[in-house]
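S.K.: These protein sequence lines are chains A and B, in that order. Just so we're aligned, residue 106 is where the first sequence starts under my numbering, counting upward by one. Just so we're aligned, residue 112 is where the second sequence starts under my numbering, counting upward by one.
Some clues are possibly wrong.
[To be verified] Lysine-lysine pairs mimicking DSS-like chemistry, simulated, CA-CA at most 30 Å apart:
1) B/Lys208 / A/Lys161
2) B/Lys151 / B/Lys130
3) B/Lys152 / A/Lys131
4) A/Lys161 / B/Lys147
5) A/Lys174 / B/Lys130
6) A/Lys131 / B/Lys130
7) B/Lys155 / A/Lys131
8) A/Lys174 / B/Lys155
9) B/Lys130 / A/Lys175
10) B/Lys133 / A/Lys174
These are calculated hints, taken from the structure and not from any lab test.
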Amino acid sequence: SQQGEEDPQALSIQEGENATMNCSYKTSINNLQWYRQNSGRGLVHLILIRSNEREKHSGRLRVTLDTSKKSSSLLITASRAADTASYFCATDAGLLAGGTSYGKLTFGQGTILTVHP
Amino acid sequence: DTAVSQTPKYLVTQMGNDKSIKCEQNLGHDTMYWYKQDSKKFLKIMFSYNNKELIINETVPNRFSPKSPDKAHLNLHINSLELGDSAVYFCASSPAKIGTGMDQPQHFGDGTRLSIL
Numbered sequence: 106s107q108q109g110e111e112d113p114q115a116l117s118i119q120e121g122e123n124a125t126m127n128c129s130y131k132t133s134i135n136n137l138q139w140y141r142q143n144s145g146r147g148l149v150h151l152i153l154i155r156s157n158e159r160e161k162h163s164g165r166l167r168v169t170l171d172t173s174k175k176s177s178s179l180l181i182t183a184s185r186a187a188d189t190a191s192y193f194c195a196t197d198a199g200l201l202a203g204g205t206s207y208g209k210l211t212f213g214q215g216t217i218l219t220v221h222p
Numbered sequence: 112d113t114a115v116s117q118t119p120k121y122l123v124t125q126m127g128n129d130k131s132i133k134c135e136q137n138l139g140h141d142t143m144y145w146y147k148q149d150s151k152k153f154l155k156i157m158f159s160y161n162n163k164e165l166i167i168n169e170t171v172p173n174r175f176s177p178k179s180p181d182k183a184h185l186n187l188h189i190n191s192l193e194l195g196d197s198a199v200y201f202c203a204s205s206p207a208k209i210g211t212g213m214d215q216p217q218h219f220g221d222g223t224r225l226s227i228l
C-alpha cells in the first residue's frame, strides 16, 4: 500500500518565491528521503532525514520531520526556474532479520512544482 | 560518466514477447533495486539485490525475473509481456550493506520506457 501521501499534487509559483511541499505517512519509519525527478529523467536524491532528527538543511532546501504527526515538509527557498520538477518523499520503514533495512523505500505520488521565470 | 546506466532507454514491443532490461552501476555499491513507475508517476519497488543475493521481492508476477551476475549488474527479464507492463522501469543502487547503517540514499538510472503494443 502507498505509504507517503504528498500535498499539494501540483504547485505553481514565480521565481524567487518559496515552495513548500508536504508528505504524510502511515507507519513508523527509519528515515524519510526527498527526491527530485526532472521530466524524462531518473530520481535524484535531495535530503535524507532520520527518525530521530527534526530538521535538516541543504543549500536552499529545508526538510522537517514530525514523527508524532507522521509528516514531513520540504521547503525550497528563493526558487528558480531550474527547480521545476516533480518532488517525491520516500519512507524507509522496512526492517529485515538482524535489524537491517536494505532501503526498501515506499514513495508518495509526488508534487509537480512549476517555477515561472 | 554515468553512475547508474540502463539499456535500452526505450523499448517498444508486442504483447507476448520476452524482453530484457540491463542495469550497471559503477559506484561500487552493494545493493541494487528495480522500480516500476506507472503512468501516474507512482513509483513502486519490485526487487532488490545485495551482493548478488535477492533480499526484496515484492508482489510481482513471476513473469518478471531479476538476475544479478555480479554486484555491479542487475538485469530484469520479462516473459510474455502484457499491456499492463507498459511503464518506466528504474534501476537504482545504494551503498547499503549488512552490518552497517542503512540510512543511505539511492542513485537512480534514467529509466527504460517500456511500451507494449
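S.K.: Does each hint fit the structure? Answer for all of them.
M.R.: So, going through the hints one by one against the coordinates:
1. B/Lys208 / A/Lys161: Satisfied, since the Cα-Cα distance of roughly 24 Å is no more than 30 Å.
2. B/Lys151 / B/Lys130: 23 Å, holds
3. B/Lys152 / A/Lys131: 20 Å, holds
4. A/Lys161 / B/Lys147: 29 Å, holds
5. A/Lys174 / B/Lys130: Violated, at about 44 Å.
6. A/Lys131 / B/Lys130: 36 Å, violated
7. B/Lys155 / A/Lys131: Holds, at roughly 16 Å.
8. A/Lys174 / B/Lys155: 24 Å, holds
9. B/Lys130 / A/Lys175: Roughly 40 Å separates the two Cα atoms, so the pair is violated.
10. B/Lys133 / A/Lys174: 40 Å, violated
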